[in-house]
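There are 2 protein chains.
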Amino acid sequence: MLEVTDVSAAACCAPLVREPLTAGEAEQLATSMKALADPTRLRLLSIVAASENAEACVCDLIEPVGLSQPTVSHHLKVLMTAGFLERSKRGTWAYYKLVPGALDRISQLLVAS
Amino acid sequence: MLEVTDVSAAACCAPLVREPLTAGEAEQLATSMKALADPTRLRLLSIVAASENAEACVCDLIEPVGLSQPTVSHHLKVLMTAGFLERSKRGTWAYYKLVPGALDRISQLLVAS
Chain V
1 MLEVTDVSAA ACCAPLVREP LTAGEAEQLA TSMKALADPT RLRLLSIVAA
51 SENAEACVCD LIEPVGLSQP TVSHHLKVLM TAGFLERSKR GTWAYYKLVP
101 GALDRISQLL VAS
Chain F
1 MLEVTDVSAA ACCAPLVREP LTAGEAEQLA TSMKALADPT RLRLLSIVAA
51 SENAEACVCD LIEPVGLSQP TVSHHLKVLM TAGFLERSKR GTWAYYKLVP
101 GALDRISQLL VAS
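Sequence order for the protein chains is V and F.
Counting in the UniProt record's numbering, the first sequence runs from 1 upward without gaps.
Counting in the UniProt record's numbering, the second sequence runs from 1 upward without gaps.
Isolated chain V, as found in the complex:
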């Protein structure tokens, strides 16, 4: 089972090209990266993010990735635990929304200029 944790704490730091990451910072960033380092999760995140209001119903995520609902739900949970998505329930369906700033924080840590 992939261990994931909230990304917000990894947001503290300067871009990794500016000064060497500490062991703790590297652990946190690697944990966030692991949540992203899967093609299905990247596609799910991308579909949610590109949807209106950066939000999508789980019912609209199954077909595009061509996987079972439990598998899709597992991947969504990993992205949620890692702080990239948040979930709300309306009626029968769960909706997933991009957490504002979460991807940008990772992006800024990797920026080289």
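It is possible that some hints are incorrect.
Any copy, or any two copies together, can satisfy a pair, since identical chains are not distinguished.
Dumping the calculated DSS-like pairs for lysine-lysine here, alpha-carbon to alpha-carbon at most 27 Å [stated by the list, open to error]:
no., residue 1, residue 2
1, 77, 89
2, 34, 97
3, 77, 34
4, 77, 97
In short, the hints are calculated from the structure, not lab data.
The structure presented is a predicted model; accordingly, all values stated were derived computationally and were not measured.
Since the structure of chain V is provided, determine the placement of chain F on it from the hints.
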């Protein structure tokens, strides 16, 4: 064994929040992410990148991460195969240099604004 590939092809695409990644784009980006999703590799990359001229001798990378030379060399090779580092040999030692633009390309794919 982690499969890695050149990141340059993953550089083609719009930020993943702008339009959904295709399956092929997601595979490529996930492969690059896997190379980064390891705390030792992030630290090595960060130490190299923060060094003068974004270049460091392998002899200066062993001690900071506290691992054996073969282990460090394995991680450096993964980063090289993924297109983040390039290697040159001068005298006895190998030097690793950040590939210009490689981290920025990943950063730009993740940017949300």
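Structure-based check of all given hints:
no. : hint      : in the structure
1   : 77 <-> 89 : within (14 Å within a copy, 45 Å between copies)
2   : 34 <-> 97 : both (20 Å within a copy, 24 Å between copies)
3   : 77 <-> 34 : both (13 Å within a copy, 19 Å between copies)
4   : 77 <-> 97 : within (12 Å within a copy, 37 Å between copies)
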